[in-house]
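Can you build the whole structure from these sequences, using the hints too?
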Amino acid sequence: MKDSTREAIDGVLGVDRLVHEPARLAILTVLSQAEHAEFSFLEMACRLSKGNLSSHLSKLEAGGLVIIEKRFVGKRPQTRAAITPAGQQALARYRAQLKALMGEVPNNADGGE
Amino acid sequence: MHVNLDDLDQLAARAQRYARYSRSAGGLSSVIGGILLFASFLANAYLELAAVNRVVLALAPLLWLLAKELLRVGYYQRDGRVLQAPTEKEKRSHRWTVIYLGVISALVLGMLAYSAFQAGRVPDAGMLGYAVIVATLPLIAWRWFWSVSDFLVGVLLMCQSAVVIGGGNYPPIWLLYVGACAAIAVLYGLREHRDYLALKAEFAAQGPRG
Chain A
1 MKDSTREAID GVLGVDRLVH EPARLAILTV LSQAEHAEFS FLEMACRLSK GNLSSHLSKL
61 EAGGLVIIEK RFVGKRPQTR AAITPAGQQA LARYRAQLKA LMGEVPNNAD GGE
Chain B
1 MHVNLDDLDQ LAARAQRYAR YSRSAGGLSS VIGGILLFAS FLANAYLELA AVNRVVLALA
61 PLLWLLAKEL LRVGYYQRDG RVLQAPTEKE KRSHRWTVIY LGVISALVLG MLAYSAFQAG
121 RVPDAGMLGY AVIVATLPLI AWRWFWSVSD FLVGVLLMCQ SAVVIGGGNY PPIWLLYVGA
181 CAAIAVLYGL REHRDYLALK AEFAAQGPRG
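Those protein sequence lines, which keep their order, are chains A and B. Every letter in the first sequence is one number past the one before it in this note's numbering, and letter 71, counting from 1, is 71. Every letter in the second sequence is one number past the one before it in this note's numbering, and letter 46, counting from 1, is 46.
No lab work stands behind these hints: they were computed from the structure. Keep in mind that a hint or two might mislead.
[Said to hold, decoys possible] Below, computed lysine to any residue pairings styled on SDA-like, alpha-carbon distance capped at 20 Å:
(1) A:K70 - B:F151
(2) A:K50 - B:D9
(3) B:K91 - A:R47
(4) B:K200 - A:F39
(5) A:K50 - B:D79
(6) B:K200 - A:G74
(7) B:K200 - A:E38
(8) A:K99 - B:D9
(9) A:K70 - B:K91
(10) A:K50 - B:R78
What follows is the structure in structure tokens.
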């Protein structure tokens, strides 16, 4: 096996699975652009159902990548989320890994080995 | 791998554009601000205003801020509030704006206090109103002035408000400068509003994920 192929496989195995899941990646990407965002916006921007969004946010919170704040505005409950510095780092690391992988994996059209 | 970095970049850009409407993009509120600004200077330059009308005219900044907040909550960010994370450059520029206005405000208040002390009398209601508006300017700038058009409209509206309540008026020659500032705010606002409509269309064009 070529070294570059081995590195590519190690790269794939080394990605952070908490971040890699597409819905969680979308949530982190949105949150990385703001100080905080309300649940309803995340639902709309990431195209997730309430249940899915809630479940993914809980996983990200358990992993220390986001902070969730629940409060009442008047009588209306409001949930908002913010990315933590660890979340920013995890997202940046994941993107760097992905970019490196894309550079290493040969394009099928070019006839990879 | 089902992840496309270009899609993520697009999502990030859309979230950032939406978040701008919490702080630095006023959209239609900049248009309203520009129109209010020009109208208030025009009225105070050419009309004889009674005390009640002066108070009404002095409320123009409040009306603008109210329009700003209502449009943000009820229109631009009705899909959920997203607070813009300012860049380092934006933070620096905002900080210096507030410091600059704070210093100017302190100087004006100092001069007012000094002249009242020299005259040996308590300032009248008009002068007190003037002082209150000047004193609140840096606080309002800290909370709301995140863009060039906010700065232009906000500072001029507040100055006009203070002068009106103090019983004075800006000479008509100011209308040229104020008109230019109002035009900048209106153009910025219309451009931001068009960008918002495009952004909404982009969000709407996204298919369901689940």
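Comparing the hints with the structure gives:
{"no.": "1", "hint": "A:K70 - B:F151", "result": "violated (34 Å)"}
{"no.": "2", "hint": "A:K50 - B:D9", "result": "violated (24 Å)"}
{"no.": "3", "hint": "B:K91 - A:R47", "result": "violated (31 Å)"}
{"no.": "4", "hint": "B:K200 - A:F39", "result": "holds (18 Å)"}
{"no.": "5", "hint": "A:K50 - B:D79", "result": "holds (14 Å)"}
{"no.": "6", "hint": "B:K200 - A:G74", "result": "violated (28 Å)"}
{"no.": "7", "hint": "B:K200 - A:E38", "result": "holds (17 Å)"}
{"no.": "8", "hint": "A:K99 - B:D9", "result": "holds (13 Å)"}
{"no.": "9", "hint": "A:K70 - B:K91", "result": "violated (27 Å)"}
{"no.": "10", "hint": "A:K50 - B:R78", "result": "holds (17 Å)"}
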